[in-house]
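The residues making up each chain are set out below.
Protein chains: 2
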Amino acid sequence: MTQQDPVTAALLVIGDEILSGRTKDKNIGYIAEFLTNVGIDMKEVRVVPDEEDDIVAAVQALSRRYTYLFTTGGIGPTHDDITADCVAKACGVTIDHDPRAVAILQARYKPEDLNEARMRMTRIPAGADLIDNPISKAPGFMIGNIIVMAGVPQIMQVMLDNVLPKLKTGVKMLSRSVETGGLPEGVYATPLGEVAKAHPGVIIGSYPSFDGKTFQNRIVMRAREDTVLETVEKAVIETLNRLHEAQGSGYRLPL
Amino acid sequence: MTQQDPVTAALLVIGDEILSGRTKDKNIGYIAEFLTNVGIDMKEVRVVPDEEDDIVAAVQALSRRYTYLFTTGGIGPTHDDITADCVAKACGVTIDHDPRAVAILQARYKPEDLNEARMRMTRIPAGADLIDNPISKAPGFMIGNIIVMAGVPQIMQVMLDNVLPKLKTGVKMLSRSVETGGLPEGVYATPLGEVAKAHPGVIIGSYPSFDGKTFQNRIVMRAREDTVLETVEKAVIETLNRLHEAQGSGYRLPL
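If you read the protein sequences in the order shown, they are chains W and L.
In terms of our numbering, the first sequence opens at residue 1 and continues consecutively.
In terms of our numbering, the second sequence opens at residue 256 and continues consecutively.
The set of hints was computed from the structure by calculation and includes no laboratory data.
Model, not experiment: these values are computed from the prediction.
Certain hints may be false.
The following label-pair restraints were derived from C-beta to C-beta distances [unchecked claim]:
#1 L:Val357 <-> W:Lys197: 21 to 29 Å
#2 L:Lys427 <-> W:Thr227: 53 to 61 Å
#3 L:Arg507 <-> W:Phe215: 22 to 30 Å
#4 W:Leu114 <-> L:Glu306: 25 to 33 Å
#5 L:Lys489 <-> W:Asp5: 52 to 60 Å
#6 L:Leu510 <-> W:Thr169: 30 to 38 Å
#7 L:Gly503 <-> W:Tyr109: 14 to 22 Å
#8 W:Ala126 <-> L:Pro420: 47 to 55 Å
#9 L:Gly382 <-> W:Lys213: 46 to 54 Å
#10 W:Lys24 <-> L:Val426: 19 to 27 Å
Quick list of in silico lysine-lysine cross-link-like pairs, BS3-like style, CA-CA up to 30 Å [stated by the list, open to error]:
#11 W:Lys172 <-> L:Lys281
#12 W:Lys110 <-> L:Lys452
#13 W:Lys168 <-> W:Lys137
So the derived list for chain L, only partly shown, Cβ under 8 Å to chain W, looks like this [stated by the list, open to error]:
#14 Ile273
#15 Gly276
#16 Thr278
#17 Asp280
#18 Ala287
#19 His334
#20 Ile337
#21 Ile410
#22 Lys423
Just so it is clear, CB atoms sit at the ideal spot from N, CA and C, and this is done for glycine as well.
Using the sequences provided together with the hints, build the complete structure.
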């Protein structure tokens with residue numbers, strides 16, 4: 001296995017409707033999982049309103065900090081769709097009707113239906129590559145390390161598929177997880193911390209969930225090499241089994 | 256109706272598990288809706304990993320910018336729970352075992368079960384008020400304008416209920432929404448933009464959704480005064496009906 005710098009990403013979700021709670025975001029979890037599966041580490045997410053200053057500031061901050069910045073939302077034909085203009089401003093480039101995007105919409109709409117509002121969707125920052133949208137045609141785009149996608153989940157998802165071949169991907173982060181068999185966090189926290197300290201290359205997290213009556217706890221280990229993961233999983237299971245034995249719970253996790 | 260400054264908030268979601276996509280966040284949408292209902296405008300959300308520098312920087316940036324900063328996650332007993340320490344650092348205050356929090360856990364655990372890991376959950380920044388957690392007892396806290404809550408949704412939700420009486424709330428943002436009856440965004444975008452321009456005090460958004468076959472479009476209007484909303488809703492419906500008539504769709508939205 002060759003060592004390489006991790007490929008990182010941020011996601012910027014643009015839209016008042018998420019911040020007001022009217023629309024429940026479905027893109028964060030999908031993109032997080034998608035990127036994890038191709039070895040891109042999502043390091044930050046921001047949600048900002050449809051306001052130019054906020055969008056420009058976030059695009060600049062995040063695109064400078066990570067390998068890639070993905071954005072969702074704000075590329076439709078209505079007055080509140082200002083993402084393309086904000087990205088152009090953040091990048092310091094001009095924006096105009098892009099002949100390639102115009103051709104795509106001309107193929108879809110009759111001339112009398114290709115009105116000013118729809119032409120808005122052909123405004124693409126100078127120097128960007130288009131991202132194909134087979135569902136509603138109006139394209140996304142990639143400029144520098146910024147990938148601009150629709151907010152409608154189904155369209156965002158095909159755009160993500162379509163832009164993937166252009167992206168540098170990394171060594172996939174692998175994970176294993178162990179359910180603690182009823183042991184609460186407070187019992188295994190200290191020994192688990194010692195396992196984590198002994199394996200600094202592995203990210204170990206403890207995740208309680210609650211069904212309204214009882215807690216379940218899951219320990220998740222993440223690393224890029226499976227042999228490393230196997231070793232740490234064994235250490236975690238042995239630790240939990242030692243604790244089960246000390247508590248006389250009669251429970252034993254399979255190694 | 257008295258005028259007052261809007262009460263604003265940001266939400267900081269802390270946790271590797273959200274960024275890896277392993278856990279799908281359920282708190283953003285819930286908190287957004289909760290705050291909207293009490294007249295607090297959520298203006299920004301960030302998701303950051305369980306890393307000190309990222310958490311401290313985000314806490315400082317967001318707590319300075321908005322009336323309140325809410326955080327979720329990272330206040331359990333395990334090694335990856337570092338939120339309380341990061342908030343103390345961000346606020347420039349000390350952190351230690353808080354006698355009030357210790358008393359709460361002493362009432363819950365037998366002395367031999369109140370181990371070092373569980374005692375970690377009593378570490379509260381100096382000067383903070385505790386937030387009651389009737390489910391698993393370990394409290395959240397509020398320091399200055401920062402409200403620190405658990406990541407487990409059910410616990411976060413009761414903490415939010417419990418901290419609400421301490422918060423300044425605003426005039427509730429009201430909303431009305433109109434489904435366009437099959438009119439696509441590209442047809443109503445320009446006239447809707449004119450309605451928006453004529454009513455600068457109302458936030459108007461257009462939200463397409465796609466079921467895999469057809470698009471539905473919903474126009475949402477938001478303002479703090481119902482009479483204003485009523486006027487703009489009428490203008491939107493009249494605009495849509497004019498467009499339906501021009502298209503000969505035979506559809507008419509009720510006024």
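Hint check for Val426 of chain L and Lys24 of chain W - Cβ pair distance inside 19 to 27 Å: 24 Å, holds
Outcome for the supplied range 47 to 55 Å, where the beta carbon pair is Ala126 of chain W and Pro420 of chain L: 53 Å, holds
Supplied distance hint 22 to 30 Å, evaluated on CB atoms of Arg507 of chain L and Phe215 of chain W: 54 Å, violated
Chain W contact restraint on Thr278 of chain L - CB to CB distance below 8 Å: 6 Å, holds
Outcome for the supplied range 53 to 61 Å, where the beta carbon pair is Lys427 of chain L and Thr227 of chain W: 56 Å, holds
Hint consistency between Lys172 of chain W and Lys281 of chain L [alpha-carbon to alpha-carbon, up to 30 Å]: Holds: Lys172 of chain W and Lys281 of chain L sit about 26 Å apart, inside 30 Å.
Residue hint Ile410 of chain L, partner chain W, criterion CB-CB below 8 Å: Nearest chain W Cβ about 7 Å off; hint holds.
CB-CB spacing for Glu306 of chain L and Leu114 of chain W relative to the 25 to 33 Å hint: 48 Å, violated
Hinted pair Lys110 of chain W and Lys452 of chain L, Cα distance within 30 Å: 28 Å, holds
Hint validity - Ala287 of chain L Cβ closer than 8 Å to any chain W Cβ: Nearest chain W Cβ about 3 Å off; hint holds.
His334 of chain L as chain W interface residue, shortest Cβ-Cβ below 8 Å: Holds - the Cβ of His334 of chain L comes within 8 Å of chain W, reaching about 4 Å at its closest.
When the least beta-carbon distance from Lys423 of chain L to chain W is tested against 8 Å, hint result: 19 Å, violated
Going through the hint list in order, the structure does not satisfy hints 3, 4, 6, 9, 20 and 22.
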